[in-house]
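Peer 1: Protein sequences appear in the order of chains A and B.
By my numbering, the letter at position 552 of the first sequence is numbered 552, and the numbering carries on one by one without gaps.
Quick note, my numbering runs 1000 ahead of the 1-based positions in the second sequence.
One thing to keep in mind: the hints can contain errors.
Unchecked claim - Some, not all, of what chain B presents toward chain A, calculated at C-beta under 8 angstroms: (1) 1008; (2) 1325; (3) 1338; (4) 1341; (5) 1342; (6) 1437; (7) 1587.
Hints were generated in silico from the structure; no laboratory data involved.
All residues carry an ideal CB built from backbone N, CA and C; glycine is no exception.
Here are the chains, one letter per residue:
Protein chains: 2
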Amino acid sequence: MTYRAPVRDLAFTLEAVAGMADVAATGAFPDYDADVASAVLEAAGQFSEEVLAPLNRIGDQKGSTYANGSVTAAPGFADAYRQFAAGGWTGLSAPTEAGGQALPKALELAAYETVHAANMAFGLCPMLSLASIEALEQVGTQEQKTKYLTKLVSGEWTGAMVLTEPGAGSDLGSLITTATPNGDGTYALNGQKIYITWGDHDATDNIIHLVLARLPDAPKGPKGISLFLTPKFAVNDDGTLGDRNAFRPVGVEHKLGIHASPTCVMSYEGATAELVGQPNQGLAHMFVMMNAARLAVGVEGVGIAERAYQHALAYALDRRQGRSVWTGEANAPIFDHPDVRRMLSVMKAKISAARGICLATGVAADLAKHAGTEEERRRWKGREDLFTPIAKAWSTDVGCEVASMGIQIHGGMGFIEETGAAQYYRDARIAPIYEGTNGIQAMDLVGRKLSMDGGESARALIADMKATLIDLGALYSGKPVERFATAIEAVQDATLWLLDQKADPNAAADVLAAADAYLKLLGDVVGGWMLAKGALAAKAKLDAQDGDPAWLQGKLDLYEVYAANVLGHVSSRLAAIGQGGELLQRMTVEALAG
Amino acid sequence: MTYRAPVRDLAFTLEAVAGMADVAATGAFPDYDADVASAVLEAAGQFSEEVLAPLNRIGDQKGSTYANGSVTAAPGFADAYRQFAAGGWTGLSAPTEAGGQALPKALELAAYETVHAANMAFGLCPMLSLASIEALEQVGTQEQKTKYLTKLVSGEWTGAMVLTEPGAGSDLGSLITTATPNGDGTYALNGQKIYITWGDHDATDNIIHLVLARLPDAPKGPKGISLFLTPKFAVNDDGTLGDRNAFRPVGVEHKLGIHASPTCVMSYEGATAELVGQPNQGLAHMFVMMNAARLAVGVEGVGIAERAYQHALAYALDRRQGRSVWTGEANAPIFDHPDVRRMLSVMKAKISAARGICLATGVAADLAKHAGTEEERRRWKGREDLFTPIAKAWSTDVGCEVASMGIQIHGGMGFIEETGAAQYYRDARIAPIYEGTNGIQAMDLVGRKLSMDGGESARALIADMKATLIDLGALYSGKPVERFATAIEAVQDATLWLLDQKADPNAAADVLAAADAYLKLLGDVVGGWMLAKGALAAKAKLDAQDGDPAWLQGKLDLYEVYAANVLGHVSSRLAAIGQGGELLQRMTVEALAG
Chain A
1 MTYRAPVRDL AFTLEAVAGM ADVAATGAFP DYDADVASAV LEAAGQFSEE VLAPLNRIGD
61 QKGSTYANGS VTAAPGFADA YRQFAAGGWT GLSAPTEAGG QALPKALELA AYETVHAANM
121 AFGLCPMLSL ASIEALEQVG TQEQKTKYLT KLVSGEWTGA MVLTEPGAGS DLGSLITTAT
181 PNGDGTYALN GQKIYITWGD HDATDNIIHL VLARLPDAPK GPKGISLFLT PKFAVNDDGT
241 LGDRNAFRPV GVEHKLGIHA SPTCVMSYEG ATAELVGQPN QGLAHMFVMM NAARLAVGVE
301 GVGIAERAYQ HALAYALDRR QGRSVWTGEA NAPIFDHPDV RRMLSVMKAK ISAARGICLA
361 TGVAADLAKH AGTEEERRRW KGREDLFTPI AKAWSTDVGC EVASMGIQIH GGMGFIEETG
421 AAQYYRDARI APIYEGTNGI QAMDLVGRKL SMDGGESARA LIADMKATLI DLGALYSGKP
481 VERFATAIEA VQDATLWLLD QKADPNAAAD VLAAADAYLK LLGDVVGGWM LAKGALAAKA
541 KLDAQDGDPA WLQGKLDLYE VYAANVLGHV SSRLAAIGQG GELLQRMTVE ALAG
Chain B
1001 MTYRAPVRDL AFTLEAVAGM ADVAATGAFP DYDADVASAV LEAAGQFSEE VLAPLNRIGD
1061 QKGSTYANGS VTAAPGFADA YRQFAAGGWT GLSAPTEAGG QALPKALELA AYETVHAANM
1121 AFGLCPMLSL ASIEALEQVG TQEQKTKYLT KLVSGEWTGA MVLTEPGAGS DLGSLITTAT
1181 PNGDGTYALN GQKIYITWGD HDATDNIIHL VLARLPDAPK GPKGISLFLT PKFAVNDDGT
1241 LGDRNAFRPV GVEHKLGIHA SPTCVMSYEG ATAELVGQPN QGLAHMFVMM NAARLAVGVE
1301 GVGIAERAYQ HALAYALDRR QGRSVWTGEA NAPIFDHPDV RRMLSVMKAK ISAARGICLA
1361 TGVAADLAKH AGTEEERRRW KGREDLFTPI AKAWSTDVGC EVASMGIQIH GGMGFIEETG
1421 AAQYYRDARI APIYEGTNGI QAMDLVGRKL SMDGGESARA LIADMKATLI DLGALYSGKP
1481 VERFATAIEA VQDATLWLLD QKADPNAAAD VLAAADAYLK LLGDVVGGWM LAKGALAAKA
1541 KLDAQDGDPA WLQGKLDLYE VYAANVLGHV SSRLAAIGQG GELLQRMTVE ALAG
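Produce the entire structure from the sequences given, and follow the hints as far as they go.
Peer 2: This is the structure in structure tokens:
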């Protein structure tokens, strides 16, 4: 089974669904237009297909290995990484001053979807470099940028995010790694960190760790955390490498999936580090990269789902079993059985919805930086903030769900490791966990994002969806329109209710009890909005005879599939949103016992 | 993490939810009463906890192994199996004439839930013996019973179901293994079979294969399939073992999960076999065991979900992170965060619903055989037939979903294999596939079960649920009652609509397009019915001061959790039920392309 990058779909989603025209119109990306986008996607897709996809299975089987204080990447991965860097793929969105290509973030995300789809374990390495680039670009000193940023952008070195400790996962405020001033402006880091993705490897000469730690006498909790940079090898002023620093991996985890991505336990034993940004502002600085990384994880969900979907579609076209009720053919491809077609159609619809959400979030991020007026930038920042937890959580849930349906379509073969479907199911499972579990995303959404601007961003979203609803009436009549109308109404009701609850200090548990269902409601409905926009754009292209009619008509039908199979969820989301914290509190250990 | 058999819950579900009193009232089980049930469950639970659960992890790590034409069970498994057989666990429901204990099937299922929970890979071995026992008991000759059945009941030998071939999975009608008369009343089997669970192992001296094959000149397709019995070692008339038969495993599959359960590729090379039952009636005979096995697979789903749930609950009580909005405690157990409590409560509610459905199906199976009048037996047979695909499919989906939530509650730890949560997620994934994929179950439900008696069984179910709805009004007011009422109405509407469609030959694809959603609708609502019956029984016990009040109150609250989090799905099911085959047919390869 070969992975084929969905270049046409990605370009369509960027332009017609996510709204790249607005990004181009800012003038901030003079090198960007739709043709450039297609060329970039084509080239990225080709690299993913030809170099990364063929390594996916061996990466799963052999994994990265740890021995004697260092990690060796899975067979072929180090070489593939160097080709990746040489191709300029680590600097797509980085500023030209740092050697980047200054292309829109949204285009980079679309290109990276193909990387994650081809080889999710590989993709994590550059993904975390991009997050490090984002952080250094925003809060690094000029010297830090000169010394480190250019090498990260060129891909000569990689970056790692070093946050979690055994006692500090979702609650980073309780971390205890220390940073002690050395007296020369540098600091000595001491502590143990876990879950450090690509924390060590042999693909590059140096690895830059961005580490959260506490200064002496820092306040307790989240307000006493600072961000530090510590390189695996010291960097001399002329850019050459000096001594090995005092940190090392002490092991890699044996995981359910992404075996080729080394998940390191790291020990810092007086590692020499520089402060990045302001003392005690580490958590805020880290969130600069966390937000980028969360969106990137959402794209991982889309990528792994696309891969699983393609695998299942190919199998369904090949495998013959039973008589088709449609064609009457005996021993028909299972693709011609309605229940299999249903699964594939729903998979495709959810992938398209998640892709739309993630790329629309990328567009919002670009516009939050580059829109023409401060008012517009503020508005787009609100959209980016509101969408980021949805893009992360909803898309990674789709990744797991689609990978599971992919197994199901294979029947017994799906459970056999050699088939490959099982790897996607295993790999996909991490994405709802890392960069903030999906439960944390939901709490972020209802706890912070929803009310950050008095609910303005949510109201703007509802207004935008209503505008699309009106246009939709020209395409469909009856249920496909009614379902979107009902769905928008559900978002409106739930949003108003939640904003009311948030005003009541006694209702904090009710809000938290609603968080998961509210995020899923928004994901379902915004996903439907994306497909509706796709259908409208496809209709315009059909009318203009611009593109493959069967494929464009498919966009119209895909919205209908989504409306029938996903938008109906809104009533179950509303029921769960209103369940209340008190009911859950009554579910004590005694009540839950066997 | 130790598995604790939920003996109290199992006994409660049998008596108060599934309706074992009706089984006892038949008089067909003179040795059965509620105390016997508790004693059996207690003893089974103890065996599962002490002998089987400790082998679960090593079974996953080492697996069963294949070398030189034979399979060796995972470390400790052969010995555990012999203890299991010695304890009488292979003969719980078998007739006393064959050495069994003649207890109700439903009790056996409840006892086996603990086996599957403790060690799903182990449980498959006796589970398939039970299916073989069921088939031989119903269609074997007296000689076959004497020669083979008693050894299967005692557990001295095991049985295997040998159906699938590389070209014949869901469509068994296309199998090509041949059975050629040897002239002495025996047959020579030739062919290759795949996915033969515990097809070979070293735990017993002999293994009895029940094999589907074709006689010479048999009609093509499903009507030309016969059932054969072929033992690994010939059995002499005095019961001693003779020559090794001409079949052998040629490999075992490398699977996503249940590593300790050998999934054999078997080669039959002139294996000497006996015909079982009538020529060309093999598929019908096999369905005798398929139905039993399907229900047993549903129970596997419940078992693995229970195990994953217990693991997650223990972790949530132990792991501390963040401040609780309920208790105000800093660094609180994550159990005290509403979103974690929501997950655990929903897991528990779905497990309880699936347990209720499976055990109610077991009760229906017992009553289909033993109810006092033919009319009652017919009615209960209808219930058993209607419920079997739901029990299989809905419960195994719950198995996967709960195992996935179990990982999620563990956060990053969930993705680490050593934690154990990942094994449940991997193991659980097979259950929606084997013994007929869940898509096949849905097609069986809408294609055969729903209309087998003109819809009478479905109407009887709706009437029974309505009776419970009336009682429910005494327990709750408002939403918990309204949601069940709406849910029953949805079942009624969908059922009438489907029965209408089935009368229209042009609507076959519409029915198949609705199958999955209709099965899920029935599962959701019948599951709610089970919890409602549990709540009513718990209330009666509370009023009678009969039992732990916190635990009994928990049953009332659990129904509310289910009503808020699951019953709301009915509108999404209805939308998908009505999507129509034509919409799916429009989703061509061109439309689905990237």
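Peer 1: Confirm or reject each hint.
Peer 2: Hints versus structure:
1. 1008: At 6 angstroms from the nearest chain A Cβ, residue 1008(B) passes the 8 angstroms test, so the hint holds.
2. 1325: Since chain A brings a Cβ to about 5 angstroms from residue 1325(B), closer than 8 angstroms, the hint holds.
3. 1338: 4 angstroms, holds
4. 1341: Given a least distance of 5 angstroms, the restraint on residue 1341(B) holds.
5. 1342: 6 angstroms, holds
6. 1437: 6 angstroms, holds
7. 1587: Residue 1587(B) check passes; min Cβ-Cβ to chain A is 4 angstroms, inside 8 angstroms.
The earlier numbered hints are all upheld by this structure, with none contradicted.
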